[in-house]
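Trainee: Fit chain B to the known structure of chain A by using the hints.
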Amino acid sequence: EAGVAQSPRYKIIEKRQSVAFWCNPISGHATLYWYQQILGQGPKLLIQFQNNGVVDDSQLPKDRFSAERLKGVDSTLKIQPAKLEDSAVYLCASSLAARVVNIQYFGAGTRLSVL
Amino acid sequence: GENVEQHPSTLSVQEGDSAVIKCTYSDSASNYFPWYKQELGKGPQLIIDIRSNVGEKKDQRIAVTLNKTAKHFSLHITETQPEDSAVYFCAAGVPGNKLTFGGGTRVLVKP
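Which chain is which? The protein sequence lines are A and B, in order.
Just so we're aligned: 1007 in our numbering is position 73 of the first sequence, and the numbers increase by one with no gaps anywhere.
Just so we're aligned: 140 in our numbering is position 56 of the second sequence, and the numbers increase by one with no gaps anywhere.
Bound conformation, chain A alone (with noise of 0.2 Å):
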């Protein structure tokens, strides 16, 4: 089976440039997750797909951080402009249906250096 499948693997912008990652979940998974991971930190959660619905962006930086998943499956996360801080890596995951607790399934991710 294939796994979570995302690109690029590494990026380099200068701050105020914009990027978009893309993100290919595994089959059949209506869930999908984008999580930010700063260097010697934990994952921490961006936002949050129900097939083409959004169940939780709180923490999603608005002003700057937009994410789509139009057709329920593939999803691209864009971050216009970006900031030094945004430096970290982005990790897509997702999971079967989030009615009920399941198991999450992490993409390598897409290391974002800002200069």
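Just so you know, not all the hints are guaranteed correct.
In silico DSBU-like links for lysine-lysine, alpha-carbon gap of 30 Å or less [said to hold, decoys possible]:
(1) K141/B x K996/A
(2) K945/A x K141/B
(3) K945/A x K152/B
(4) K978/A x K142/B
(5) K121/B x K1012/A
(6) K194/B x K141/B
(7) K141/B x K152/B
(8) K1005/A x K126/B
(9) K1012/A x K142/B
(10) K155/B x K121/B
(11) K126/B x K1012/A
(12) K126/B x K996/A
Just a sample of chain A residues kept apart from chain B, beta carbon distances all over 10 Å, derived [said to hold, decoys possible]:
(13) P942
(14) G987
(15) K996
(16) G1041
Just so you know, these hints were derived from the structure itself, not from any lab.
This structure is a prediction, so every number in the text was calculated from the model and none was measured.
Heads up, the beta-carbon is just placed ideally off N, CA and C, and yes, glycines get one too.
Mentor: Just chain B now, kept in the frame of chain A:
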């Protein structure tokens, strides 16, 4: 919201010894407690999980215990091997599948 504290932040053990990592959580609604292992350049991988209706779970050299009254849960790795070297994260989950992660423990197994 939920807050998960994890200790220690680093742990160095001799190969063959045991390693123990402890976590505490704050939200009594949390009912799911997974442990993830993260190797360099990779995403977190689930190694074991426990639900709130169970006090202990074991899978070969790995075991997890849960004390709901005290809001504690722990990971135990026995007979450690060099390939156990990684960063380990605990997490607490609430209905709706939202996970809150601890800060991580870097485990180094010395040959």
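Trainee: Hints first: check each against the structure and report whether it holds.
Mentor: Going through the hints against the structure:
With a CA separation close to 40 Å, the supplied pair K141/B and K996/A exceeds the 30 Å bound. Between K945/A and K141/B the alpha-carbon distance is near 40 Å, which puts this suggested pair outside the 30 Å criterion. Annotation: proposed proximity of K945/A to K152/B is violated, straight-line Cα distance about 42 Å (limit 30 Å). This hinted pair checks out: K978/A and K142/B have alpha carbons roughly 27 Å apart, not beyond 30 Å.
For the proposed pair K121/B and K1012/A, the alpha carbon gap of about 27 Å is at most 30 Å, so the pair holds. The hinted pair formed by K194/B and K141/B meets the criterion: a straight-line CA distance of about 26 Å does not exceed 30 Å. A distance of roughly 14 Å separates the Cα atoms of K141/B and K152/B; the hinted pair therefore holds under the 30 Å criterion. Proximity of K1005/A to K126/B is assessed by CA-CA distance (about 27 Å); at most 30 Å being required, the pair is judged to hold.
At most 30 Å may separate the alpha-carbon atoms for a hinted pair to count; K1012/A and K142/B exceed this at roughly 40 Å. About 22 Å separates the Cα atoms of K155/B and K121/B, which keeps this hinted pair within 30 Å; it holds. At roughly 21 Å between alpha-carbon atoms, K126/B and K1012/A fall within 30 Å of each other, so this suggested pair holds. Of the supplied pair hints, the one linking K126/B and K996/A holds, its CA atoms being roughly 27 Å apart against a limit of 30 Å.
With a least CB separation of 14 Å from chain B, P942/A remains clear of the 10 Å interface cut-off, as annotated. No beta-carbon of chain B is positioned within 10 Å of the beta-carbon of G987/A; the least distance is around 13 Å. The Cβ of K996/A lies farther than 10 Å from every Cβ of chain B, with a closest approach of about 18 Å, so its non-interface assignment holds. Not every Cβ of chain B is farther than 10 Å from the Cβ of G1041/A; the closest lies at roughly 5 Å, contradicting the non-interface assignment.
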